[in-house]
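Student: If you read the sequences in order, they're chains C and R.
Quick note on the numbering used here: the first sequence kicks off at 59 and runs consecutively.
Quick note on the numbering used here: the second sequence kicks off at 2 and runs consecutively.
Mixed in with the good hints there might be a few duds.
Within a straight-line C-alpha distance of at most 20 Å, the following computed EDC-like cross-link-like pairs (lysine to aspartate or glutamate) qualify [as the list claims (entries may be wrong)]:
hint, chain 1, residue 1, chain 2, residue 2
1, R, K164, C, D73
2, R, K163, C, E231
3, R, K323, C, D73
4, C, K262, R, D13
5, C, K234, R, D44
6, C, K195, R, D258
7, R, K52, C, E258
8, R, K163, C, D113
9, R, K317, C, E231
10, R, K259, C, E258
11, C, K189, R, D314
12, C, K234, R, D22
13, C, K262, R, D22
14, C, K92, R, D44
Sample of chain C residues lacking proximity to chain R, with all beta carbon distances greater than 12 Å (derived) [what the hints assert, rightly or not]:
hint, residue
15, T68
16, R74
17, K89
18, G110
19, D130
20, V154
21, G161
22, I173
23, A190
24, A256
25, W267
Derived by calculation from the structure, the hints in this document are not laboratory data.
Note that CB positions come from ideal geometry on N, CA and C, so glycine has one too.
In case you want the letters, here they are:
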Amino acid sequence: MRAFTTVTATVAPLDRPNVDTDAIIPKQYLKSIKRTGFGQYLFDDWRYLDQGDLDIPVASRRPNPEFVLNQDAYRGAQVLVSRENFGCGSSREHAVWALEDYGFRAVIAPSYADIFFNNSFKNGFLPIILKADEVQKIFEVVAKDAASEVTVDLPAQQVKLPSGEVFNFEIDEFRKDCLVRGLDEIGLTLQNADSIRAYEAQRKASAPWLFN
Amino acid sequence: MNAKTLYDKLWDAHIVRDNGDGSALIYIDRHLVHEVTSPQAFDGLRINNRKPWRIDANLAVADHNVPTTDRSQGIADPISRTQVDALDSNCAEFGITEFRMNDLRQGIVHVIGPEQGATLPGMTVVCGDSHTSTHGAFGALAFGIGTSEVEHALATQTLVLKKSKNMRITVRGNVGPGITAKDIVLAIIGEIGTAGGTGYTVEFAGEAIAALSMEGRMTVCNMAIEGGARAGIVAVDQTTIDYVQGRPFSPTGENLDKAIAWWKTLHTDAGAKFDREVVIEASGIQPQVTWGTSPEMVLPIDARVPDPSKEGDAVKRSGMEKALAYMGLTANTPIEQIKIDKVFIGSCTNSRIEDLRAAASVVKGKKRAANVTLALVVPGSGLVKRQAEAEGLDKIFLDAGFEWREPGCSMCLAMNADRLEPGERCASTSNRNFEGRQGSGGRTHLVSPAMAAAAGVAGHFVDIRSFQ
Ligand code: SF4
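Only chain R is shown next, with the shape it has when bound in the complex (with noise of 0.2 Å):
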């Protein structure tokens, strides 16, 4: 038999109908649905009277609209209100599971998912959301789709696919103290390029990538879309089997032990072929800070702001030009300079224990800075929030003078009340920093959760491993 990669054997699982072309009929497992890319899908739905294929493979979530205050009195936001009610009736009318705005299991569907025990290694998982591929790193193929895929996912538990090509990007050796799952897919993607993983599914492996926890390793998945790569994916390992059982979606009892015999199949077999291999040393990664508009433009924390006038390439240099000056920042200052009005701690790439942990650990008997107006935690869901909970995290953020909010996307995207004004300046432990992402005119600084707490303790960019 051919020795065939992760991608592969997923793909080949997965075939309904081969079309010849390259392209094929594959079947989705799990649909994950959110209230702003489905309505119109439903919509659809109902408009050429069709029916879901097969309910119980789907399950929605409110996360992008939702307020992280006070959620007793409903949503204030008449627009946000009427899309999240659309969610709850379409639901009700389909027949779909939701986690409904105050239900316990609700939070930003990312973090659900693998939460349930609704992602599972081996798994077609789609979602009407780019970073669908965070749930790659449970060996699963899983991938955003637009609004008319959701509608094709929903009425036909299939959709039509391309193969895409195979790249490995392998982390070798291990990285060093204070170093995390964000600034290792940080520097990948300032490795690669934002476009580098275009086309390509994105294996995640190496040494480095099997130390990672769980949550690491959707963290790396997480921004695989960012760079370019529609999936990510890590192969089935112990730190993965051990982390889905016992969540309520997962199997049991004899289910339990099949399903392990097939997980331990998820790898990619020796001398298996990819039509692109990276390779970054993990002892070379130090923590990572973003300067610019796009994820690639992103810099070690004791680097210097880039120089234009240094850029040979004219497309590039323009770029460069204009990343700046939305910016506001001057070539060569140094990272550790530049001031923060704001930290959003949070996000599907950074929201989960861990996160919170990592974060609270570096804040606690501290205060935040004068310059910095706001400090948001927003834990992934209801289950983090209460996990952190119990743990004491949310007194250490809130005595630290940080605020401590309920689940949702918030200042990930500013679609609810949580935002960036023009000109303020943020760390953010989200995924995207293009302009005016997290409000219009805002400037985002994309880092880890450490690196974002301890700029809101210090007011600028600091080294988390000589910050005190």
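Okay, chain C solo, but in the shape it has when bound (with noise of 0.2 Å):
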């Protein structure tokens, strides 16, 4: 996995609430069996005029000027801002591949779906929580200059504003851990291989019907 310890980039401002899954990535990508290439299919709906599907290149369909992340300002954006219950909806791993093979590497908002927050720490990408107020300051300043850039301190678990502003956010630590050093969760739960062997003999022996 990508590690993840600071960014500092131009943010995408996505103003709505409950953005799902199907929004981030329609069901017709869902049928490739490839873990990356969804990046082009991001927020697919929205951001082409036309219908489009794994068959149909992207160059031949009709981009929808008014979606954001068509308009120039907001081009380079590895930064995404939103509103509350971001990811609701399937558990989709594949909305988090979108993001990510886009260039997106976080997401700001309120509050998250529990899936697509539990993906994303998978997937090397941020899910960063902060006050519906301080996310509302994000799209003022974003309004106001779409140039402006914000740093995303991970270790530091701070958000920091052109202005010099900063917003502390809570992560786990474990999770913080594993992204800053871009671990492989299997492995780690791996080296428990004798706890859950432990564990499936006690279990064996109380409920045997559990086992074939």
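Take the two lone chains, each set in its own frame, and fit them into one complex as the hints suggest.
Tutor: Quick look at the structure:
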């Protein structure tokens, strides 16, 4: 997994609550059996005026000029800012893969759906929770000047605005450690193989019907 | 001993290792696998030279991409076919039991688990699908996971989890005639909001929940995720114990006695503390219809489409305006006057035999309305389909001009050929009314099976309680 420490970048504003995973990556793209290449379909229904599919080249499609990611000012943005309950809906990790593949490293919102939040950490993508008024502040900064860069400093657990203003955020220690060091969680868990075997042995004795 | 909630009991029973920081390594008893969220996980195993930890804990089925029409020629769409083929070959390679497309037991993953007895009380059940919450109806800790966690569960039979908070939603008293599990859960989501359960495991309790059949409880738990809760659970009672016996994966003989003794302890202890309690009066619940693009945008059938200009909160107001624009609805229109183009009866929320019976009893002897171009009935599994046919339900639907299909997810998310065209409006028994969910530009109204069937006959929404 790609490690995450500090990112300084421009911010793309997505001003809606409940941005769901169907909106982040529509279902036709879930047919891919690969883990990469989803960035071009990120927010597909909003981003293009015509309907896309895995076998339709994106270059042949009509971008929606109104959509934020199609505006020049936001092209290089690596941080997304949005409203409550970001990532609600399905468990599709493709949503995180699409954000990450597009070039986003982090999202800032007041709250997230649990599964999306969880999936993010497995992919070196950082979902930051800030208070609603702090999120509002970031929207205002970006609205005033799209070229404003924010710095996300994971080790310090801070988001720094160009004005020098600093917002602190909370993050679980284990998750932070995995992200900062880019650790493989399965490898870590397998270090506990003996505990898993011991648990299984005890469970097999008490609830044998759970094993075939 | 401390009084524990049901969730606390399930959590404690599955701790392999407590990390001491609120997280733990949790053992997974059952892992259900489907074609959409697993291919990259199997790839991950191969790349890292890993094997599944415990093959018999896994059960696989293809459901999202399968056609609901004649399957004898396989899947026409090459991209869908590739994904289903990938599941077949991954299961074959790793030795995982799979119900293939033409197996009678094939169906929606959340229908077949319980049907087979592969979901049992007291289990931890995971699947790369958010509606895994369905299985919580059995007093199991069941929740959806992403693909990285699918790989983790395959490789280690565990997940690293943070314990969630406890919430109890009590539906007090009894619902009125014509009110179903779907109306109960939509009313709950209307009350708590789509993020109301975020961070919680929600236990559904109260007389109205206890009175539900297992299928009804599955409908309620299925939509826990639409209320933000990764897991919803219902305590084990005699209804649960009666349901799980005699199924292919269920215990028998001495094991069954042992199991029942344990299952009977799977309820919240008197005096256990919840972090949040919500109480809803069952008698106040009416047939529900969603009007917007989020399941919390829901109203009773006798209401009118809401008026954003009356909403004080700016973020909410703009959300409402966007939803109404997308849905092509005008504020203050009576819900009963909303005309529909299509009907979808199916999905892991409402595709079980009782759902099909409820819908069939509404359409019996009637005809699909002229303005309704398609009314699809998609059973949740091959076994549900066979049962329905044995009861003659297929005939009732066909006579009424409804279509009778092969099992799968179908128009719940339109990954196969069943979908809405842009602008089309659908009365759907599924669980998500997000933009584009049932087809790009499609408009979804979530309702119960009886309400969907009645809308198909009337051509617009009607109150099932007065529908003749
Ligand atoms: S029926 Fe719908 S919600 Fe259920 S598993 Fe299939 S796609 Fe998901």
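Student: For every hint, state whether the structure bears it out.
Tutor: Quick rundown of the hints versus the structure:
About 31 Å separates the Cα atoms of K164 (chain R) and D73 (chain C), which puts this hinted pair outside 20 Å; it is violated. Straight-line distance between C-alpha atoms of K163 (chain R) and E231 (chain C) comes to about 12 Å, which keeps the hinted pair within the 20 Å bound. Under the criterion of a C-alpha separation no larger than 20 Å, the hint pairing K323 (chain R) with D73 (chain C) is consistent with the structure, at around 12 Å. For a cut-off of 20 Å, the pair hint linking K262 (chain C) to D13 (chain R) stands: about 16 Å separates their Cα positions.
A threshold of 20 Å between alpha carbons decides the hint, and for K234 (chain C) with D44 (chain R) the separation of about 26 Å lies outside it, so the pair is violated. The suggested pairing of K195 (chain C) with D258 (chain R) is violated, with an alpha-carbon distance near 61 Å, which exceeds 20 Å. Our distance criterion of 20 Å between C-alpha atoms is met by K52 (chain R) and E258 (chain C), whose separation comes to about 17 Å. Under the criterion of a C-alpha separation no larger than 20 Å, the hint pairing K163 (chain R) with D113 (chain C) is inconsistent with the structure, at around 39 Å.
Note on K317 (chain R) and E231 (chain C): the hinted pairing is violated, with a Cα-Cα distance of about 34 Å set against a maximum of 20 Å. For the hint pairing K259 (chain R) with E258 (chain C), the CA-to-CA distance comes to about 18 Å; that is within 20 Å, so the pair holds. Pair hint K189 (chain C) plus D314 (chain R) holds up; C-alpha atoms about 17 Å apart against a cutoff of 20 Å. A hinted pair counts as satisfied when its Cα atoms are at most 20 Å apart, and K234 (chain C) with D22 (chain R) qualifies at roughly 13 Å.
For the hint linking K262 (chain C) to D22 (chain R), the alpha-carbon distance of about 28 Å lies beyond 20 Å, and the restraint is violated. Restraint check for K92 (chain C) and D44 (chain R): the C-alpha separation of about 9 Å stays at or below 20 Å, so the hint holds. Consistency note on T68 (chain C): stated as away from chain R, and its beta-carbon is indeed over 12 Å from all of that chain's, at 23 Å minimum. Residue-level check failed: R74 (chain C) sits 7 Å from the nearest beta carbon of chain R, not beyond 12 Å.
Some Cβ of chain R comes within 12 Å of the Cβ of K89 (chain C); the nearest lies about 5 Å off, and the non-interface call is violated. Listed as outside the interface, G110 (chain C) is inconsistent with that label: its C-beta sits roughly 9 Å from the nearest C-beta of chain R, within the 12 Å cut-off. No beta-carbon of chain R comes within 12 Å of the beta-carbon of D130 (chain C); the shortest separation is about 24 Å. Not every Cβ of chain R is farther than 12 Å from the Cβ of V154 (chain C); the closest lies at roughly 7 Å, contradicting the non-interface assignment.
Chain R leaves G161 (chain C) outside its interface by the beta-carbon criterion, the shortest separation being 20 Å against a cut-off of 12 Å. Remark: the non-interface label on I173 (chain C) conflicts with the geometry, its nearest Cβ contact in chain R lying 6 Å away (cut-off 12 Å). Taking the minimum C-beta to C-beta distance to chain R, about 9 Å, the non-interface status of A190 (chain C) is violated against the 12 Å cut. The beta carbon of A256 (chain C) sits about 8 Å from the closest Cβ of chain R, which is not more than 12 Å, so the claim that it is off the interface is violated.
Residue placement check: W267 (chain C) does not keep its beta carbon more than 12 Å from all beta carbons of chain R (closest about 3 Å).
Checked against the numbered hints above, the structure violates hints 1, 5, 6, 8, 9, 13, 16, 17, 18, 20, 22, 23, 24, 25; every other hint is satisfied.
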